[in-house]
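2 protein chains.
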Amino acid sequence: MSLRRFLVDPAALAVGEVALAAAEAAHARKVLRLAPGAEVELIDGQGRRARGVLTRLDKSGAIVRVEALEEAAPPAPRLVLCPGLLKSPAMDLLAAKLTELAVDQVRPVLTRRAVPKADGGGAKLTRWQRLAGQALKQCGAAQAPEFVPPAHLAQVLAAAPASAGKLLLYEDEARTSLAQALPGLAGAAEVWALVGPEGGFTPEEAAQAAAAGFVSCRLPHTILRAETASLVVAGVIRFAL
Amino acid sequence: MSLRRFLVDPAALAVGEVALAAAEAAHARKVLRLAPGAEVELIDGQGRRARGVLTRLDKSGAIVRVEALEEAAPPAPRLVLCPGLLKSPAMDLLAAKLTELAVDQVRPVLTRRAVPKADGGGAKLTRWQRLAGQALKQCGAAQAPEFVPPAHLAQVLAAAPASAGKLLLYEDEARTSLAQALPGLAGAAEVWALVGPEGGFTPEEAAQAAAAGFVSCRLPHTILRAETASLVVAGVIRFAL
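Those sequence lines, one after another, are chains A and B.
Per our numbering: the first sequence = residues 1 to 241.
Per our numbering: the second sequence = residues 1 to 241.
For reference, chain A alone in the conformation it holds in the complex (with noise of 0.2 angstroms):
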């Protein structure tokens, strides 16, 4: 069997004796019926990561013994990804594939054709950073994307700095493909990639992203869900740069 894993808060994370939160502890001992002595996983969603031995494990709560700390170095480049924000099953299913491919930021982006409304905002973001939380303690990765709030495409365009490669997923692209794209970033510390709604971009939304130096490309072959082209944009970044 594996080792369990829990998650706990960044500051809380530490060599010596650590507390696990009320859940997670509720968690360990009613459903993965641990006891004291069982080796255990900790990691804080931002890195770090830790071994440690249940020293107490009762009603009051859990405690586990941390001996050492490992920080895995963040992959490069940095990805900040930017999905059109779709409803809530695909979004969901994003928030944990994207945790999985170390993806560093996700930033949804409200467009056109975006169906969703951007209301919500707090209630989305809480869900997704605990979707991401799960995928973590599943996967074993070390770190869970930073969620952004919905924000408008003329915002996301503003906040990519100058100096990251910039690629923008566009259906009505002709000339350019994803792999001949690809080169272009080749060295970039920071990768923003923009990939639209179901519906995709309208041409004046690629326009506008064109002159916020975003490359446009498309996935030839096929026609993918909005959230598959996120997944292969990202595995395409992480895996294959």
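The set of hints was computed from the structure by calculation and includes no laboratory data.
Please note that the accuracy of each hint is not assured.
Since the list can't tell identical chains apart, any single copy or any two copies may satisfy a pair.
Computed list of lysine-lysine pairs in DSBU-like fashion (alpha-carbon distance at most 35 angstroms, straight line) [claimed, not checked]:
no., residue 1, residue 2
1, Lys117, Lys59
2, Lys87, Lys124
3, Lys30, Lys117
4, Lys137, Lys30
5, Lys59, Lys137
Following the hints, put chain B in place on chain A, whose structure we already have.
For chain B alone, coordinates are given in the frame of chain A:
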């Protein structure tokens, strides 16, 4: 609103009058509430598509008049994905997403650490084909993968043609990343990719695959769930090669 799409039997798709299957006709009438005169798209799941007009839609069935057929050239390279057999939700996700990613053939592999057994093979194939059909109708891709019944690793290794590019995703590969293995696949007309189940391949299985010409590589930086690794490999081969 985008064009409504219906899946028809490859033998039935032709210029002239095409009858929809009973379930598709009922869906058109009761769920989509279409009426005669509506423009629709027909796909056969094997690369052919056609625009047509509903000329009849009633309890007895649906007829579409087709003026012309289009046949998409299959994408290159031909892509055969061999995932370690996973439990239902993960295999269901793969059936849909590998369809979008224009994978040509899916060959689930029975390995030491695969959790599900190969029983219910026929029912599983039917389920995956149905999910692939739904994905086709949603995303508008032209062709569904062929699903081959789950087979033992040795059988899958023996089935791969000598001329194919061959990739093995192996967690314990120490030297070669997927990005480093990619150039070795350039120009291959067909690529086979083996991806382990949760828990990965055993060292013996990896050695067996290497002996059959599969180049071992890993995904650095993070730890992916098995189904995510399959999606990444398919996406990278399809769009970054």
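Hint check:
no., hint, result
1, Lys117 - Lys59, "neither (42 angstroms within a copy, 39 angstroms between copies)"
2, Lys87 - Lys124, "both (11 angstroms within a copy, 29 angstroms between copies)"
3, Lys30 - Lys117, "between (38 angstroms within a copy, 29 angstroms between copies)"
4, Lys137 - Lys30, "within (17 angstroms within a copy, 43 angstroms between copies)"
5, Lys59 - Lys137, "within (23 angstroms within a copy, 51 angstroms between copies)"
Hint 1 alone, counting from the list given before, is not met by this structure.
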